[in-house]
Amino acid sequence: MQNKKILAGLLAAAMAAMPLAGCGSTGSSAATDTSAASETSAASEASGLIGDDFTTLDTNGTNITFWHSMGGVNGEAMTYLVDKFNAENEYGITVEAVYQGSYDDAINKLKSAQIGNMGADLVQIYDIGTRFMIDSGWVVPMQDLIDAAGYDLSQIEPNIAAYYTTDSGLYSMPFNSSTPLLYYNKDMFEAAGITEIPTSLDEIAEVGDALLSDGGAQEVLAMSVYGWWFEQFLSKQGAAMVDNDNGRTAPATKVVFDENGAALNILEAWMDLNEGGWAPNVGRSGSDTATTDFTSGKAAMMLGSTASLKQVLQDTGDSFEVGTAYYPAVHTGDEGGVSIGGGSLWALNNNDPVRLAATWRFIEFMISPESQAYWNAQTGYFPVTTAAAEEEVYKQNMEQYPQFQTAIDQLHDTAPEYTGALLSVFPESRQIVETEIEEMITGSQTPEDALAAIVEQVNESIETYNLING
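Residue 1347 is where the sequence shown starts when you use our numbering, and the numbers rise one by one after that.
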């Protein structure tokens, strides 16, 4: 475990200094073997903490620390749940919830912690940090806690759990999960005489001129330059992003979206929409320009997360009726699904069986149907527990916001094999993808050039990670 901690620290320093250009190597098989072994190593190290008395350990007077990255309204909902647990739990457990800022801030703080005293017992990490956390050696696999407690995992939405699952089982507990949607202005579609909602980028192009000329739109599609959209378009084609079963049977050594043709399909379709005047450059996702263009009535459609639904409805008010539809495919007839975003809960290994047991009891509360129904109603994130749908607060929220049913239907219509990749260098990959797409739509390079640059740089990032982590 100490060696893994040192490796994680070295890795953090290396990744922080990593350039965004490289020679495009495909990585080291030796590094892959070593990294894959980390899953078995983490499980074996944690197993000594979990005895037959796991569910009966006396946790009275136990304090645990929970790091999260929920601010604003979401942070208020988180505080409510933590306070409720502290007031009502029968185990004598007190949870101190500490807001850490962004997900990146939370991971960076973990990197400076000491073995056996991580600073937290439970931490909320974003989806793209999954492979990194598995490799870190910091965690107790969630599957170990589930097995020890006899928890019925079928209570968790299978297409959500699938993202955080490897051959070794579930590594973290889903908590705040979302998927992407196509939002559209129903009033504009009606004015343009469009009755069929587009299901692909091809079909968006087909209705674009009518929305501009008859629908009153100034923009057809507000689509920010966002790496998550690129990844979702891969999933909608049923195409892998990286090798080794999308990074699930072993850490990835290279991207494969160039070999399977999926990435070029995306880039060419994106470019066609831009050059046709149907998807102008509205900047990267952090600018919020796409959302503003839609809610202000400028754009007829936008791509957005399910977690944005309540904010979108609030911002539009009575100005127009908001519709929601499945995330579009690249080409009509593509067979695939969507992958989830958001975050999950990770139990950290502090070599303390009692605190670990207390952590599990808090997790179980947070994913209870009652808690998840409340969380969904307050934030717009999916309830990860299926039985939450039977809670009255969930039913009332669905009645008030029927557009959210689209998200539920889309989730259930997606098969687990489209759950997306696990990649050690996801943050770097997204930055690379966004930079090259921006270069493409501003006319600086062709889709083929953009693809070559993405492949070269992401493969270099993967190789560097695997070399250090091996």
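Mixed in with the good hints there might be a few duds.
[What the hints assert, rightly or not] List time: in silico EDC-like cross-link candidates among lysine to aspartate or glutamate, alpha-carbon distance up to 20 Å:
| id | residue 1 | residue 2 |
| --- | --- | --- |
| 1 | K1532 | D1513 |
| 2 | K1430 | D1755 |
| 3 | K1532 | E1552 |
| 4 | K1656 | E1621 |
| 5 | K1656 | D1755 |
Since the hints were derived computationally from the structure, they do not count as laboratory data. Predicted, not measured: the structure shown is a model, and the values here were computed from it.
A quick look at each hint next to the structure:
For the proposed pair K1532 and D1513, the alpha carbon gap of about 44 Å is over 20 Å, so the pair is violated. Distance hint between K1430 and D1755 is unfulfilled; the C-alpha atoms sit about 31 Å from each other, more than 20 Å. The suggested pairing of K1532 with E1552 holds, with an alpha-carbon distance near 17 Å, which does not exceed 20 Å. The hinted pair formed by K1656 and E1621 fails the criterion: a straight-line CA distance of about 32 Å is larger than 20 Å.
Restraint check: the Cα-Cα separation between K1656 and D1755 comes to about 18 Å, which is no more than 20 Å; the hinted pair holds.
Hint compliance for this structure: hints 1, 2 and 4 are not met, and every other hint is.
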